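Undergrad: Each chain is listed here by its residues.
Protein chains: 4
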Amino acid sequence: MKYSFRNDYSSIAHKKVLERLIECQNEQNIGYGEDIHTQNAKWMIQDKIKNKSEVFFLTGGTQTNMTIISHILKPYEAVIAAETGHINVHETGAIEGRGHKVLTHKTDDGKLTPAMVLDILKNHTDYHMVKPKMIYISNTTEIGTYYTLKELKELSKCAKDNNLYLFLDGARLASALAISDIDYSDYAKYTDIFYIGGTKNGSYIGEVVVINNKELANEFQYSIKHSGAMLAKGFIASIPFEVLMEGDLYKEIGKLENDCANFLVNELSSLGYKFYSDSKTNQIFIIVSKKLADYIKKEYDFEVWNNINENEITIRLVTSFTTTIDICKEFIEYIKSF
Amino acid sequence: MKYSFRNDYSSIAHKKVLERLIECQNEQNIGYGEDIHTQNAKWMIQDKIKNKSEVFFLTGGTQTNMTIISHILKPYEAVIAAETGHINVHETGAIEGRGHKVLTHKTDDGKLTPAMVLDILKNHTDYHMVKPKMIYISNTTEIGTYYTLKELKELSKCAKDNNLYLFLDGARLASALAISDIDYSDYAKYTDIFYIGGTKNGSYIGEVVVINNKELANEFQYSIKHSGAMLAKGFIASIPFEVLMEGDLYKEIGKLENDCANFLVNELSSLGYKFYSDSKTNQIFIIVSKKLADYIKKEYDFEVWNNINENEITIRLVTSFTTTIDICKEFIEYIKSF
Amino acid sequence: MKYSFRNDYSSIAHKKVLERLIECQNEQNIGYGEDIHTQNAKWMIQDKIKNKSEVFFLTGGTQTNMTIISHILKPYEAVIAAETGHINVHETGAIEGRGHKVLTHKTDDGKLTPAMVLDILKNHTDYHMVKPKMIYISNTTEIGTYYTLKELKELSKCAKDNNLYLFLDGARLASALAISDIDYSDYAKYTDIFYIGGTKNGSYIGEVVVINNKELANEFQYSIKHSGAMLAKGFIASIPFEVLMEGDLYKEIGKLENDCANFLVNELSSLGYKFYSDSKTNQIFIIVSKKLADYIKKEYDFEVWNNINENEITIRLVTSFTTTIDICKEFIEYIKSF
Amino acid sequence: MKYSFRNDYSSIAHKKVLERLIECQNEQNIGYGEDIHTQNAKWMIQDKIKNKSEVFFLTGGTQTNMTIISHILKPYEAVIAAETGHINVHETGAIEGRGHKVLTHKTDDGKLTPAMVLDILKNHTDYHMVKPKMIYISNTTEIGTYYTLKELKELSKCAKDNNLYLFLDGARLASALAISDIDYSDYAKYTDIFYIGGTKNGSYIGEVVVINNKELANEFQYSIKHSGAMLAKGFIASIPFEVLMEGDLYKEIGKLENDCANFLVNELSSLGYKFYSDSKTNQIFIIVSKKLADYIKKEYDFEVWNNINENEITIRLVTSFTTTIDICKEFIEYIKSF
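Chains as they are written, first to last, in numbering that gives the first Met the number 0: chain Z, 0 to 337; chain C, 0 to 337; chain H, 0 to 337; chain W, 0 to 337.
Isolated chain Z (complex conformation) (with noise of 0.2 Å):
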C-alpha cells in the first residue's frame, strides 16, 4: 500500500501535537476541563474569533452534535438538516436517541438555503407536528462543498427572524477555512453555536464547542457529563488545540489538504475524469470506471461512495494533514499507468 486516501483521520495527530504532549508527560493537571490548558486553549480560541464566547471540550463529532441539540431543544423541537447532513445519516440515529427528529430538505449540492428551511417552517405550524428549532449546517459539507460568507449571512438572518438558533458543524472547518471568505470572527458572529473539529485537522481526538449565543452555554457542563461526553483527563482534548491554534496552524493544514485536493481534481480533470460533486475541499468524488477503481484498490485506500451505472462508480479520496503534493503526484502517475 504506497498511501490512503480513505479519511482524514488515519494518522494519530500532526508532528507539533504528539511533541506538545510529550513534553508536558510529567506535569499534573485538574480534571474535566478545569486545568491550565484547557484555559488556555479557550484563551487562544477567544483571540481568533474575536469574541468572548464560551468555549468546551469534547471528544468526536456525533458526540457533539447530540450534546449539542439535546441540551439546546425543547423535548418536542427539531432541527432542519440538508438531507445528506451528517446527523441525518451517519449518527445511527444519535439525535434521535435524545429525542429530537431532524427535518430534512434535498439539497443538490448538500447546503442549506432560507428558502429550504422556510419551506419545513410552512409545513409544521402546530402542536400536531414537531416544532422546527435549529438549523444545522456543516461547513464544509457532507460533500466537500462549502459555504460562503454571503451564504451564512443570509442563513443567520433567516434563523434570527424565524426564531431558531443556527449550529454549525465544524468537523472539516480547517478545510472550509482555508477555502472560503468566512473568517473565525464571522462563525462567532453569524452563529449561536458551533465547533472546531480537531479529529480530522491535525488532533487526535477533540472538537471545541463555542457557544456564541450566552444563554445556551448556560449549565453546559451539565449536559457534557450527562452525555457522558466529559473526560477525566480533559486536558487530553485541550493541549492539541494549544497547538493548532498557535499562529495560523488549523487553518495552513486546511490549506494543504485543499491544495492537494485541488491538484488532484485538476490533474484529474485533464485526464478527462468526470466528478460527482464540484468539491474545491479536501474531499473529491470521482467518478471512475469499476475497472479502474480495482486497479487503484492495489496500491491505494479509498471509500467507495456510490454507484453511478453498471460500469462506473463514485469513489472518494480525502487529503489530509500528512498528504503532499508529491503523495498526489505519484498517485496521479498510477492512474495514468492504468
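If you are wondering where the hints come from, they were derived from the structure by calculation, not from laboratory data. Owing to the predicted nature of the structure, the values given are computational and were not obtained by experimental measurement. Check the hints yourself; a few may be wrong.
Stated by the list, open to error - List of simulated lysine-lysine pairs, DSS-like, C-alpha gap at most 30 Å: (1) W/LYS73 x Z/LYS121; (2) Z/LYS121 x H/LYS289; (3) W/LYS159 x Z/LYS213; (4) C/LYS132 x H/LYS51; (5) C/LYS132 x H/LYS213; (6) Z/LYS105 x H/LYS105; (7) Z/LYS121 x H/LYS273; (8) H/LYS121 x Z/LYS297; (9) H/LYS273 x H/LYS149; (10) Z/LYS132 x W/LYS51; (11) W/LYS73 x Z/LYS159; (12) W/LYS73 x H/LYS73; (13) H/LYS73 x C/LYS121; (14) W/LYS1 x W/LYS289; (15) Z/LYS132 x Z/LYS49; (16) W/LYS297 x W/LYS1; (17) H/LYS273 x H/LYS296; (18) Z/LYS15 x C/LYS15; (19) C/LYS73 x H/LYS51; (20) Z/LYS132 x Z/LYS73; (21) H/LYS254 x H/LYS51; (22) W/LYS132 x W/LYS51; (23) W/LYS188 x Z/LYS73; (24) H/LYS149 x H/LYS49; (25) H/LYS121 x C/LYS73; (26) H/LYS254 x H/LYS1; (27) H/LYS121 x Z/LYS296; (28) C/LYS51 x C/LYS132; (29) C/LYS105 x W/LYS121; (30) H/LYS328 x H/LYS15; (31) Z/LYS279 x Z/LYS289; (32) W/LYS156 x Z/LYS73; (33) H/LYS73 x C/LYS51; (34) Z/LYS15 x Z/LYS51; (35) Z/LYS156 x W/LYS73.
For chain Z, the structure is supplied; the task is to place chains C, H and W on it using the hints.
TA: For chains C, H and W alone, kept in the frame of chain Z given last:
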C-alpha cells in the same frame, strides 16, 4: 506544589504508552476500531482473560456505563447498584438520561451483597414498578474497598438464579487486580460484561468493554455509535492497551498504586490517624483536623470527601502510576512537621 | 351549523356503546385491565381474528404507536414508514421522543411497497446508520387509500425475508375492513402486531393492540405503564369493544362511513369536481375553489388539506358513525345551491 | 362479594357524570381540547382557583406526571420526591423513561419537608451530579396523610428560595380538599403547577393540569401530543369536570370518602385494631392477623399493603364515591362476626 494526590487522572499517560504513540505516528490506520492495533489489543485481552469474549474500546467511564446499560436493558428495566455507586451519584443522570432507573441499596462499605439484591427484587414484583434486570458493581468500589473472588462468585450465582445480568465497572481494575484474588479470567467467567479501565490506570483515555455473554455483544457497535461513543480514530483508544497488556504492566501499575497507598495508611495509622473506610487500594480516606487540611493544602493537592464534625473532615488521597514511595515518604515527613 | 365533516372523532360514542356504559355503572371492577370486561373483549377479538394473539387496550393513536415501537425496537433501530405516515408527520416527534428514527419513502398514494422497503434497506447497511427493523403501515392510510390482501401479503413476505417486523396502524380499521378484502384473521396472520382503532370508529376512547408475534407480547404491560398508557380504569377502554365486536357492528360502522363517503364522491364527481386522492374510504379530498370553500364553511365544518393553486384548495371531508345518506344528500344540495 | 374496598377506581363514574355524557351524545365537537366543553371546564376551574392559570386535560396520573416533568426539566435536571412518592415507586420508571432522575428522601409519613429538600440540595452541588430543579409532592400522599396549608406554604417558600419548581400531584385532591385547610385558590397560589385528579374522584378518566407559573405553560400542548397524552376526543376528559366543578360536588365526593374512611377508623380503633399510618383520608391501612384477612377476603376485596410479622399484615381499605356509611357499618358488623 510538591505533588497532587487529588486523583489518578492528573497526568497524561504512562511513559511507555506515550513512547508507543510516538512510534506509531507515521502509520495510516483504518477508522472506527477496525484497525490492526485494536485487533491486536483484543487478542491480548482475550489471552489475559482466557476467553473469546467480544472486546470494544470506548473513551470514558460514564460513557461506557451509559452505553452498556442502554444497550442491554429494555426501556422498563432497571439496574441495581450500591447507593454509593458511580452510576447513581456521579454521572449527572446519564443512566436515567438513557431511560433507566437505578435502584439502590444502602451499604456500609460500598459493596453489594446477594441479600441486598434479593431485598430489591422482593419489592419489585409486578408491572407497576420497573423490572430489575442488571446488577452493577465496581471493583475497586467508589470508596476504596474491593470484592473478593468468593463475593464475586456469590453475586454471579445470585444474578444467574434471578435472571439478572452482572456488570462490573472496572474504572480502577488495576488496583483491584493487584489486591484481590480475582484474576482476569475470573472476570470473564463470573460477569456478563465488565470493563478494564484505562483512564485511571496509565492511559490518556480508554475503557475496554469485555462482553462475556455473547448475546449481549450482538450489534454493540450500533450502540457505541448511537451513544456518541465511537471514535473515528479508534486506534487512539487501543494502542495504550497494547502496551498495558504487555507482560503484566497493567497489574503492576495497580500494585505500585496500592503499595504507595498502603505505605501512607500504615505510616498515618502509626501516627494515630483514623480512616473513613478500610481501604487497601489506591484511594484512601483520612480523617484530619481542618487545620491540618489547610496545612497540607499548601504543598499537596487532594479532595475533601466530607465533613465529620465541626473540627474534622475526611480528605481523599489517591495514588497513581506517577506516585512513588519517595513521594509518599516526603508527604509523611510533611505531615509530621505540622 | 348543519353538520361537521371535519373528522371522525367529533361525537362522543355510538349509541350502543353509551347504553352499555350506563348498564355497567353500578359495577365494581378490578383495575389496570385485569377485569372481566377486558377479558371478555379479548376473547371476542381472538374469536374475530381466529387466533390466540395477545390483546391490550390503550387510549389513543399516538400513544399506541409510541408504546408499541418503543417496546419492540432496540435504541439504534428504526421504523420504515410512508412519508405521509402518521408517525412521521402528525405525532409531534413522539416516536423520536422514545429514541427512534422514522425512515421514510415518498409514495404517490400513501402506501408502502416492498420495493420502497428494499430501497431503504439498501441504504442502511452498517453501524454508522440506524438499523431498519420495522415496517409501519396504516389501513386505511392517512390519505384515504387502502391496502389489498395481495399487497399486505407481499409486505408481510418482504418483512419476513428481511428480518423486519410488520406493524399495522388501524386507527381507521373499520373503514378498511368494509372496503378491503383483508379480513380480521388476515391481520392476525400477516402482521406481527396491529391495532383496532376505537376512537375513530364508535368508541369514546380506545385502541386495541393485537400482538400476533408472541415474542413481542412479552412484558408488554410494563411498556404500557412505562409509557404512561395504562388506565387505572382499564374497563373504560374495553367495554366499548364488547359492544363493537358484537355481531359485525364495528365493520358495519365502517361500511356506513364508506357508503356515505362514496355517495359524496359519486355525486361530486358527476358535478364535475376533482379529487386529490382516489379514496373509496371515509376520508375524501375534494379540490374546490376558495369561494366555494367559503360558501361551504357557512353551514358545514371541514378541514383545509392543502393549497392547489391561487384559486383552489383541497378540503377534506370525513364521514363517521353519525353520518347518514340524508345528511350527505343535504350537503350535495347545498353545494348545488352555490 | 359484598363490596370492594380495593381502590377508588373500581366503578365507571359518578351518576351525574354519566348523565351529562348521555345528554351530550348527539353533539359534534372540535377535537384535541379546542371544544366548548373544555373551554367551559377551564373557566369553571379558573373560577374555583381564583386565578387565570392555564388548564389542560389529560388522561391518567402516570401520564400526567411524566408529561409535566419532561416538559419542565432540562435533560440533566432532577425531581425531588418522598421515597414513597408515586413517581418513584409505582410508575414503572416513566419519569426516568423521559430522562430524569428522581431524588428521594426517607420520610415517616410520606410527606416532604423543607429540611429534606435542603438535605438533597446540599449533596448536589456541581455538574458531576444531576441538578435538582423540582419538588414533587402528592396531596393526599400515597399513604393517606395530607399536607396542611402551613406545610404547603413552607415548601413553596423553600422552592422559591432555592430556585426550584413546586409540583403537586392531586390524584386524590378531592379527599385532600375535604380534610386539609388548603383551598383550591391556595394550590394556585403556592404551587407552580398541580393537577386535579378525576380518575379517583368520580370521573371515568381525566386529570386536570393547572399551570400557575405562566412560563411553564408555554407550548405545553406540544408536550402533551409528544407524550402521547392528547386525546382526539378531548371533550371526553373535560365534560366530567363540568359536572364535578359544579357547586361543590368534587369536594363533596372527597368529604363522603373521608367520612366513610374515618367511620371505619373509629370503629376499628374502638375494636382495638392498630393502623400502619395515621390517615384521616380515604385510604386507611389496618394491621390485621392473616386469619382475619382471609376471613375478610370471603366477602370484601382489599389490597395487601405489606407484611408486619409472621402472623400480621397491613391491608389497605379505600373508600370512593360509591361508598356509603351503610356499607361501612355492614363491614364493621362482618369484622365483629370473626
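Undergrad: Compare the structure with each hint and give your call.
TA: Consistency of the hints with the structure:
1. W/LYS73 x Z/LYS121: holds (28 Å)
2. Z/LYS121 x H/LYS289: holds (20 Å)
3. W/LYS159 x Z/LYS213: Between W/LYS159 and Z/LYS213 the Cα gap is close to 25 Å, so the pair holds against 30 Å.
4. C/LYS132 x H/LYS51: Since the Cα atoms of C/LYS132 and H/LYS51 sit roughly 29 Å apart, the hinted pair holds (cutoff 30 Å).
5. C/LYS132 x H/LYS213: holds (21 Å)
6. Z/LYS105 x H/LYS105: Distance ~12 Å between Z/LYS105 and H/LYS105 Cα, so the pair holds.
7. Z/LYS121 x H/LYS273: It holds: about 25 Å lies between the C-alpha atoms, which stays within 30 Å.
8. H/LYS121 x Z/LYS297: Distance of about 27 Å is within 30 Å: holds.
9. H/LYS273 x H/LYS149: Holds, because 28 Å separates the two Cα atoms, which is no more than 30 Å.
10. Z/LYS132 x W/LYS51: holds (29 Å)
11. W/LYS73 x Z/LYS159: Given that 30 Å is the threshold and the Cα spacing comes to 23 Å, the pair holds.
12. W/LYS73 x H/LYS73: holds (24 Å)
13. H/LYS73 x C/LYS121: Holds, at about 28 Å.
14. W/LYS1 x W/LYS289: holds (20 Å)
15. Z/LYS132 x Z/LYS49: holds (27 Å)
16. W/LYS297 x W/LYS1: Holds, at about 9 Å.
17. H/LYS273 x H/LYS296: Holds - the C-alpha atoms of H/LYS296 and H/LYS273 are around 19 Å apart, at most 30 Å.
18. Z/LYS15 x C/LYS15: At roughly 19 Å apart (the allowed maximum being 30 Å), C/LYS15 and Z/LYS15 satisfy the hint.
19. C/LYS73 x H/LYS51: holds (25 Å)
20. Z/LYS132 x Z/LYS73: holds (9 Å)
21. H/LYS254 x H/LYS51: holds (27 Å)
22. W/LYS132 x W/LYS51: holds (24 Å)
23. W/LYS188 x Z/LYS73: holds (27 Å)
24. H/LYS149 x H/LYS49: holds (20 Å)
25. H/LYS121 x C/LYS73: holds (28 Å)
26. H/LYS254 x H/LYS1: With Cα atoms ~23 Å apart, H/LYS254 and H/LYS1 stay inside 30 Å; holds.
27. H/LYS121 x Z/LYS296: The hint holds at about 24 Å.
28. C/LYS51 x C/LYS132: holds (24 Å)
29. C/LYS105 x W/LYS121: holds (19 Å)
30. H/LYS328 x H/LYS15: holds (25 Å)
31. Z/LYS279 x Z/LYS289: holds (24 Å)
32. W/LYS156 x Z/LYS73: holds (27 Å)
33. H/LYS73 x C/LYS51: holds (25 Å)
34. Z/LYS15 x Z/LYS51: holds (27 Å)
35. Z/LYS156 x W/LYS73: holds (27 Å)
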